[in-house]
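Engineer: Start from chain Z and add chains P and V according to the hints.
Chains as they are written, first to last, in the numbering used here: chain Z, 1 to 243; chain P, 1 to 337; chain V, 1 to 295.
Be careful, since some hints might not be right.
List time: in silico DSS-like cross-link candidates among lysine-lysine, alpha-carbon distance up to 27 Å [unchecked claim]:
no., chain 1, residue 1, chain 2, residue 2
1, Z, K213, Z, K71
2, V, K284, P, K107
3, P, K187, Z, K129
4, P, K107, Z, K71
5, Z, K7, Z, K231
6, P, K187, Z, K156
7, Z, K78, P, K107
8, Z, K71, P, K187
9, Z, K156, Z, K71
10, Z, K71, V, K284
11, P, K8, P, K151
12, P, K187, P, K107
13, V, K33, P, K107
14, Z, K78, Z, K231
15, V, K167, V, K33
16, Z, K71, V, K33
17, Z, K77, P, K107
18, P, K187, Z, K78
19, P, K187, Z, K77
20, Z, K156, Z, K77
21, V, K33, V, K89
22, Z, K213, Z, K129
23, V, K284, V, K85
24, V, K193, V, K85
The calculated label-pair distances, taken between Cβ atoms and stated as ranges, are [as the list claims (entries may be wrong)]:
no., chain 1, residue 1, chain 2, residue 2, range
25, V, T267, P, K107, 24 to 34 Å
26, V, W268, Z, N74, 37 to 47 Å
27, Z, R115, P, Y320, 43 to 53 Å
28, P, Y320, Z, Q185, 37 to 47 Å
29, Z, R57, V, M1, 46 to 56 Å
30, V, T267, Z, E5, 50 to 60 Å
31, V, V283, Z, N74, 15 to 25 Å
32, P, F280, V, I5, 55 to 65 Å
33, V, V155, P, H32, 51 to 61 Å
34, P, L15, Z, R111, 25 to 35 Å
35, P, M1, Z, D184, 27 to 37 Å
36, Z, R115, P, M1, 24 to 34 Å
37, V, V155, Z, E5, 55 to 65 Å
Hints in this document: simulated from the structure, not taken from any laboratory.
Ideal Cβ placement from N, Cα and C applies to all residues, glycine included.
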Amino acid sequence: MNILEVKELGKDFGGLTALQGVHLSIEAGRIFGLIGPNGAGKSTAFNCIAGVYAPTRGEIRFNGEVINGQKPWNLCKKGLARTFQIVKPFASKTVLYNVMVGSFLHTNSTREARRRALEVLEFLHFAGKAHMRAGDLTIADRKRLEIARALATRPKLLLLDEVMAGLRPAEVDQMVEIIRRLRDQGITIFVIEHIMRAIMALSDRVAVLHFGKKIAEGTPQEVASDERVIKAYLGEEYVVSGS
Amino acid sequence: MTRRHYNKMAAAIVLILAFGLPLVVRSATYLHILVLLYFYAYLTTSWNLVGGFAGVLPLGHAAFVGIGAYTSTILYLQYGISPWIGMLVGGVLASFVGVLIGLPTFKMRGAYFALATLAFAEGIRVMVENIDRLGPFVLNGPRGLQIPPLKLGLGNLVFASKEPYYYIILLMLLAVLALTWVIARSKLGYYLNAGGEEPDAAMALGVNVARSKLTAMAMSSFLTALAGAFYAQFTLYIHPKSVISLDLSFEIAFIALIGGRGSIAGPVLGALLLRPVSDFSRIYFGDTLPGLHLVIFGVVLILVMIFQPRGLQEPLTRAYNRLLDRLAPGQTKELGT
Amino acid sequence: MLFLIEDAINGILMGSIYGLTALGLTVIFGVLKVINFAHGSLLMVSMYAAYWTVALTGWHPYLALVIVAPAMFVFGYYLQDIVIKPIFKAEQDVREPITVIIVTTGVWYILDNLTLLLFGPQYRTLQDNPLRGRMLEIGQMLISVPKLWGFAAAVLTASGLYLFFQKTRLGRAVRATSLDRQAASLMGINQYKVYNIAFGIGTATAGIAAVTLVPFYNVFPTVGVLFDIKGFIIVVLGGLGSIGGALLGGIIIGLIESVGPQFMTATWTEAIVYGLFLLVLFVKPSGLFGVRYDW
Numbered sequence: 001m002n003i004l005e006v007k008e009l010g011k012d013f014g015g016l017t018a019l020q021g022v023h024l025s026i027e028a029g030r031i032f033g034l035i036g037p038n039g040a041g042k043s044t045a046f047n048c049i050a051g052v053y054a055p056t057r058g059e060i061r062f063n064g065e066v067i068n069g070q071k072p073w074n075l076c077k078k079g080l081a082r083t084f085q086i087v088k089p090f091a092s093k094t095v096l097y098n099v100m101v102g103s104f105l106h107t108n109s110t111r112e113a114r115r116r117a118l119e120v121l122e123f124l125h126f127a128g129k130a131h132m133r134a135g136d137l138t139i140a141d142r143k144r145l146e147i148a149r150a151l152a153t154r155p156k157l158l159l160l161d162e163v164m165a166g167l168r169p170a171e172v173d174q175m176v177e178i179i180r181r182l183r184d185q186g187i188t189i190f191v192i193e194h195i196m197r198a199i200m201a202l203s204d205r206v207a208v209l210h211f212g213k214k215i216a217e218g219t220p221q222e223v224a225s226d227e228r229v230i231k232a233y234l235g236e237e238y239v240v241s242g243s
Numbered sequence: 001m002t003r004r005h006y007n008k009m010a011a012a013i014v015l016i017l018a019f020g021l022p023l024v025v026r027s028a029t030y031l032h033i034l035v036l037l038y039f040y041a042y043l044t045t046s047w048n049l050v051g052g053f054a055g056v057l058p059l060g061h062a063a064f065v066g067i068g069a070y071t072s073t074i075l076y077l078q079y080g081i082s083p084w085i086g087m088l089v090g091g092v093l094a095s096f097v098g099v100l101i102g103l104p105t106f107k108m109r110g111a112y113f114a115l116a117t118l119a120f121a122e123g124i125r126v127m128v129e130n131i132d133r134l135g136p137f138v139l140n141g142p143r144g145l146q147i148p149p150l151k152l153g154l155g156n157l158v159f160a161s162k163e164p165y166y167y168i169i170l171l172m173l174l175a176v177l178a179l180t181w182v183i184a185r186s187k188l189g190y191y192l193n194a195g196g197e198e199p200d201a202a203m204a205l206g207v208n209v210a211r212s213k214l215t216a217m218a219m220s221s222f223l224t225a226l227a228g229a230f231y232a233q234f235t236l237y238i239h240p241k242s243v244i245s246l247d248l249s250f251e252i253a254f255i256a257l258i259g260g261r262g263s264i265a266g267p268v269l270g271a272l273l274l275r276p277v278s279d280f281s282r283i284y285f286g287d288t289l290p291g292l293h294l295v296i297f298g299v300v301l302i303l304v305m306i307f308q309p310r311g312l313q314e315p316l317t318r319a320y321n322r323l324l325d326r327l328a329p330g331q332t333k334e335l336g337t
Numbered sequence: 001m002l003f004l005i006e007d008a009i010n011g012i013l014m015g016s017i018y019g020l021t022a023l024g025l026t027v028i029f030g031v032l033k034v035i036n037f038a039h040g041s042l043l044m045v046s047m048y049a050a051y052w053t054v055a056l057t058g059w060h061p062y063l064a065l066v067i068v069a070p071a072m073f074v075f076g077y078y079l080q081d082i083v084i085k086p087i088f089k090a091e092q093d094v095r096e097p098i099t100v101i102i103v104t105t106g107v108w109y110i111l112d113n114l115t116l117l118l119f120g121p122q123y124r125t126l127q128d129n130p131l132r133g134r135m136l137e138i139g140q141m142l143i144s145v146p147k148l149w150g151f152a153a154a155v156l157t158a159s160g161l162y163l164f165f166q167k168t169r170l171g172r173a174v175r176a177t178s179l180d181r182q183a184a185s186l187m188g189i190n191q192y193k194v195y196n197i198a199f200g201i202g203t204a205t206a207g208i209a210a211v212t213l214v215p216f217y218n219v220f221p222t223v224g225v226l227f228d229i230k231g232f233i234i235v236v237l238g239g240l241g242s243i244g245g246a247l248l249g250g251i252i253i254g255l256i257e258s259v260g261p262q263f264m265t266a267t268w269t270e271a272i273v274y275g276l277f278l279l280v281l282f283v284k285p286s287g288l289f290g291v292r293y294d295w
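For reference, chain Z alone in the conformation it holds in the complex (with noise of 0.2 Å):
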């Protein structure tokens, strides 16, 4: 069954169109990816997704139902979570005070909240930090954060929009680590990358969008000999000289 289902998608922005005739779709329980090149407009569609903004063309469901224009909160209600590319930490409070704000979408007692939320942060290794300040918190813990926050609002689709870009080879490694434990967990995970090896390695699936268009899908196998693919990454002489 597929979780998500994007048809047709198109964003304008004024005169420049940032999104053509995107066409997605996310099996239940998978990683998929969504690749290109800066300025391809991976952003664009995770934000029209995700309720930031609406779309101009197309169709979005989720779960069955379209959810086209939802404001983020109702989207996060249904069970579709999101990280963002550049972390926002409630940063004058404690990682547990963060992870809490997500917790309370399922209930409004305190205690419950505090339960669930060291929960969260027991899953992933994170509980030792919990009476930290967010803003502390090094690079790496803050997209930690990002997760264990979106986490805690028990999401059945996890939206990740470039959790490891700045992180070191190591790190990396242990949010990949992460990322396959949350889907052994039953989340379907939405990641968009810059870096190739990471969402290679990672992703069942992977999309490859270019100027605003999807130029390839498959698995990270089949995208990666794919000539379109390596011309947008690498650029025409690449192909030319490789060929």
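Structural biologist: Just chains P and V now, with coordinates in the frame of chain Z:
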């Protein structure tokens, strides 16, 4: 003894002092000053619900004081309705106005909200100043309304001495502090703080930021109006310049900001520190140097914002924690938010 | 009917002066993205400066401009540099530095009450100045001459600002900073210096407004509050950050205030102004001529 014990002890001492004070302070003038001090602490604490937790800047809370004061007074004078009931009616009216201002502005940049609250408070003052009658209700324009102290007693909220007023406003202050404490630890408190600090992130976590701000605004304006009704019964005379003035709006905001917005102790602390400044500068320099205390407030505000943006409660809380460290060493400090 | 036209003309003239007083507000918001709540107080200070210049020298009231406008530029420049800049630096990554608004309200209070301490609460007027009460007769209509000059000053100042931001190098640097302060500073533009200049320009326009007001308007410590509140309403009506919008917003307010009393009591005119304000906030929060912001 643990830190918890010390905290409880400190709270008990403060409470005993507050309740016992009228037994020692017999002077009506000083009691009057104390009543006003609690009145301001109550106002700044109510202001803090939206100005502190929700991370926006209301600059027109005098409008709600005025709505409360005028509603209860008009109902009392013209219809003989008990000020206690008038108080609640005023509260409902005020939260309606508060929501009306918040509804369009909470979706926009914070500056719009600050601007709209200020403009509206001024608008309401100008209207009241220029209207003698509003339908069946007598407002008396700039001359204001006087409450003849004929029927004394708790039901009419009119007393011959200051002590009953003292205890009523003290209880009101404690109630609003308790409410703030509860809210800070509740879902609403978490949502307000989150929405105030990073609205985009909060929304992505399922927080309807504008709606939680509206809830806070409704509560804050309701509570503020209650104090307005109390003030009318305490001074027995209200006029637009006393209960709807810009000075009052600013004093509420400034005291809360200097004390430390977003914390429970901050606004009360601000009132404790700053109210004496304004009372004494008014008593001693009121004729020769009018407005001196407002200049002082302004300067203190700017200095605090530059050097201690979280308010004076922060260094004081730190000092208190250090003191506890000495009294009860080796214990991890209780986690605040 | 003639009365109505006369009122309308005078309303447009006075409204354009309201717009002139609000220009600085919109310029400063356009660049710094904060509302300068002390703007009315800066206007008040300018009015005192103009008043004393004329009262002490006996010059023609409009000659005060050569002193007041540059003096206010310097005042605004250093106000931003000394008082507001530290806050901006401390809250660099805050999306909307609300503390800056707080500080400007502090400045408002200091200036208003300091003026009260220094000059007392009394109203001051330039008694025998050549413009006082001067009327232009057109047929049976009477048009106030100082307001006519005020209208000219408003249009000239607005066009001047527009040209400055569109055509000059410095103006473009200021606009670039307002669009993206990080990027601008990467391009070698000193962000804080641009803020100082924008604040100086905004304050200088308050100086221009003050000079046109002083010949026919009373000067007193809280005169700024009146214009402040009007200014807020005007910039919201016209769209925060829009120069033309400020002028048109001012004219709308002026028209309501002058034509309204023909049909109702003045209080209800006031109510209409606030009603319109609320309506715009609900229906088109970006203002009648404003650009849509990312809220």
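Engineer: Does each hint hold? Answer for all of them.
Structural biologist: Tested hints:
1. Z:K213 to Z:K71: Holds, at about 25 Å.
2. V:K284 to P:K107: holds (12 Å)
3. P:K187 to Z:K129: holds (22 Å)
4. P:K107 to Z:K71: holds (13 Å)
5. Z:K7 to Z:K231: Given pair K7 of chain Z, K231 of chain Z holds - Cα atoms ~25 Å apart, limit 27 Å.
6. P:K187 to Z:K156: Cα-Cα ~23 Å, so holds.
7. Z:K78 to P:K107: Answer holds: K78 of chain Z to K107 of chain P is near 23 Å, not above 27 Å.
8. Z:K71 to P:K187: The hint holds at about 20 Å.
9. Z:K156 to Z:K71: holds (17 Å)
10. Z:K71 to V:K284: It holds: about 20 Å lies between the C-alpha atoms, which stays within 27 Å.
11. P:K8 to P:K151: violated (41 Å)
12. P:K187 to P:K107: Holds, at roughly 21 Å.
13. V:K33 to P:K107: The hint holds at about 16 Å.
14. Z:K78 to Z:K231: Violated: K78 of chain Z and K231 of chain Z sit about 39 Å apart, past 27 Å.
15. V:K167 to V:K33: holds (22 Å)
16. Z:K71 to V:K33: Roughly 26 Å separates the two Cα atoms, so the pair holds.
17. Z:K77 to P:K107: holds (20 Å)
18. P:K187 to Z:K78: holds (19 Å)
19. P:K187 to Z:K77: Holds, at roughly 15 Å.
20. Z:K156 to Z:K77: holds (10 Å)
21. V:K33 to V:K89: holds (14 Å)
22. Z:K213 to Z:K129: Not satisfied, since the Cα-Cα distance of roughly 42 Å exceeds 27 Å.
23. V:K284 to V:K85: Judged against 27 Å, a Cα distance of about 32 Å means the pair is violated.
24. V:K193 to V:K85: It holds: about 10 Å lies between the C-alpha atoms, which stays within 27 Å.
25. V:T267 to P:K107: 24 to 34 Å: holds (31 Å)
26. V:W268 to Z:N74: 37 to 47 Å: Once the Cβ atoms are compared, 42 Å apart, the range 37 to 47 Å for N74 of chain Z and W268 of chain V holds.
27. Z:R115 to P:Y320: 43 to 53 Å: Given a distance of about 30 Å, which is not inside 43 to 53 Å, the answer is violated.
28. P:Y320 to Z:Q185: 37 to 47 Å: holds (44 Å)
29. Z:R57 to V:M1: 46 to 56 Å: Because 54 Å falls inside the window, the suggested range holds.
30. V:T267 to Z:E5: 50 to 60 Å: holds (59 Å)
31. V:V283 to Z:N74: 15 to 25 Å: Holds: the Cβ-Cβ distance is about 24 Å, inside 15 to 25 Å.
32. P:F280 to V:I5: 55 to 65 Å: holds (57 Å)
33. V:V155 to P:H32: 51 to 61 Å: holds (55 Å)
34. P:L15 to Z:R111: 25 to 35 Å: holds (27 Å)
35. P:M1 to Z:D184: 27 to 37 Å: Violated, at about 49 Å.
36. Z:R115 to P:M1: 24 to 34 Å: holds (29 Å)
37. V:V155 to Z:E5: 55 to 65 Å: Holds, at about 57 Å.
Of the numbered hints listed earlier, those contradicted by the structure are 11, 14, 22, 23, 27 and 35.
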